[in-house]
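Protein chains in written order, with this note's numbering: chain U, 1 to 235; chain B, 1 to 222.
Hints should not be assumed to be uniformly reliable.
Okay, the calculated bits of chain U under chain B, using three or more residues with CB under 8 angstroms as the criterion [to be verified]:
1) 1–12
2) 146–153
3) 159–166
In short, the hints are calculated from the structure, not lab data.
Glycine included, every Cβ here is placed at the ideal spot set by N, Cα and C.
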Amino acid sequence: MKKLLFGLYVAIVLVLMVWGFYMAIYGAPLDAAQGEIFRIIFYHVPSFSVSFTSFAVSLLGSIAFLAWRRSHPDWAQISDAWALAGAEVGVVFCTVGLTTGPLWGRRAWGIWWTWDARLTTTLVLWLIYVSYLLLRRFAAGSQMQTLAAVLNIFGALDVPIVYMANRWWRTQHPAPVFGGAEGSGMDPSMLPAFFWNMGAWFAWGILIFALRIHVERQQQKFDAEEAQAALNEIG
Amino acid sequence: MTRALWTHLVKDLRIELRSLDALVSMLFFSLLVVVLFSIAFDPHGDFSREIAGGVLSVATMFASVSALNQAWAREIRHQVIDAQRMAPAPGAELYLAKVIANFLFVSIVQVILAPVFLIMYNLHIEGQAWLLAVVLPLGTWALVGNGIFFAALSIRTRNRELLLSLILFPIFIPALLAMVRATSSILTGDSDPTLWIKLLAGYDIIFTTVSLLLFDVVFQAE
Numbered sequence: 001m002k003k004l005l006f007g008l009y010v011a012i013v014l015v016l017m018v019w020g021f022y023m024a025i026y027g028a029p030l031d032a033a034q035g036e037i038f039r040i041i042f043y044h045v046p047s048f049s050v051s052f053t054s055f056a057v058s059l060l061g062s063i064a065f066l067a068w069r070r071s072h073p074d075w076a077q078i079s080d081a082w083a084l085a086g087a088e089v090g091v092v093f094c095t096v097g098l099t100t101g102p103l104w105g106r107r108a109w110g111i112w113w114t115w116d117a118r119l120t121t122t123l124v125l126w127l128i129y130v131s132y133l134l135l136r137r138f139a140a141g142s143q144m145q146t147l148a149a150v151l152n153i154f155g156a157l158d159v160p161i162v163y164m165a166n167r168w169w170r171t172q173h174p175a176p177v178f179g180g181a182e183g184s185g186m187d188p189s190m191l192p193a194f195f196w197n198m199g200a201w202f203a204w205g206i207l208i209f210a211l212r213i214h215v216e217r218q219q220q221k222f223d224a225e226e227a228q229a230a231l232n233e234i235g
Numbered sequence: 001m002t003r004a005l006w007t008h009l010v011k012d013l014r015i016e017l018r019s020l021d022a023l024v025s026m027l028f029f030s031l032l033v034v035v036l037f038s039i040a041f042d043p044h045g046d047f048s049r050e051i052a053g054g055v056l057s058v059a060t061m062f063a064s065v066s067a068l069n070q071a072w073a074r075e076i077r078h079q080v081i082d083a084q085r086m087a088p089a090p091g092a093e094l095y096l097a098k099v100i101a102n103f104l105f106v107s108i109v110q111v112i113l114a115p116v117f118l119i120m121y122n123l124h125i126e127g128q129a130w131l132l133a134v135v136l137p138l139g140t141w142a143l144v145g146n147g148i149f150f151a152a153l154s155i156r157t158r159n160r161e162l163l164l165s166l167i168l169f170p171i172f173i174p175a176l177l178a179m180v181r182a183t184s185s186i187l188t189g190d191s192d193p194t195l196w197i198k199l200l201a202g203y204d205i206i207f208t209t210v211s212l213l214l215f216d217v218v219f220q221a222e
């Protein structure tokens, strides 16, 4: 039953992705100012939305791990799996966003990259979570989970400060398209393509997130059994 | 100041006074970075004033990493660190003592390095020079406060010396930006550094508080 539901979900995700692609490339009208290149928004924005959501999930996982690590070790292990999966999925989608960004920037601004508030903040966020994953790789066992959770909290604290610092420094990235000031927002004819892609990419993000959690939980069980077996041998 | 903090602080200062390991290596290393940068960028006139703040901050940052690694590595010998874990004193005091000791070391290096730096880059300070006495300690505190914390965090990992730089530098970026901007605007006199000084002070307060709160979690992690 579980496998059937999972297969169904994978099929839905695939259909959504294909439909999203069709809407982005053929469904949405041309942008008046930017021409074809604007279609990258249908990948750029959803990637970052999934990425930032994953980082938020990762942070919550880390906080939950620290809170439960003594009182509820089982819940803490699940939280840690969420923290890890969130960080990994976040880094992957952030990389997609950081790749599509310069491609777009080259055409729209004439430059690949600029040290502007949002670009710098995103890059620093990416660096922090890569260092988080490196820490997880270099340390071992349950102490690694604690250390990584603490680093996650430090990283989350850092991001708003980076953003403020860079906003005072210089800003080039356009103001938010959605929920921005007067005159912001998309032409209604482009909205369906945007929302279909948003949905498709979130569905895809949730799929790999769930797979990653599953793998990590198996790994945790395997490690625990191995540790138990070693203890039995000594006993 | 409580007794545990005082004991740790006096111990660290005494070890350093006897060996001078951290001071000598940091001083020479930062001098090397300053010389290397001046060869790489050929500073002269206005250009040297513009990059000087960045060079000084980055030189301090690289140099202090060696001392930060030593700060805990020295406690591993003879299992001192395990004894400290078992001691009934709060870990926050140990952390704060280490931060104060290393803050003093890095500050001494900066005080010695600054005149050399001014001569080698032919600098005339156009802004208010006394503000440097606010910016540099604030920036150093940001560096050392986080550095000691992350050194304690990476001490139990493989590749610990590399890992410290890998996790410290991304977190340090906003403080580095504020330090460089403030120093540059003091040197060139073009803009007002107040905003950056406030940012540095805010960064110090936030991260020192969180470090003090979370230090026991990291130090006792098992």
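If any of the earlier hints don't hold here, list their numbers in rising order. Structure breaks hint 1 only.
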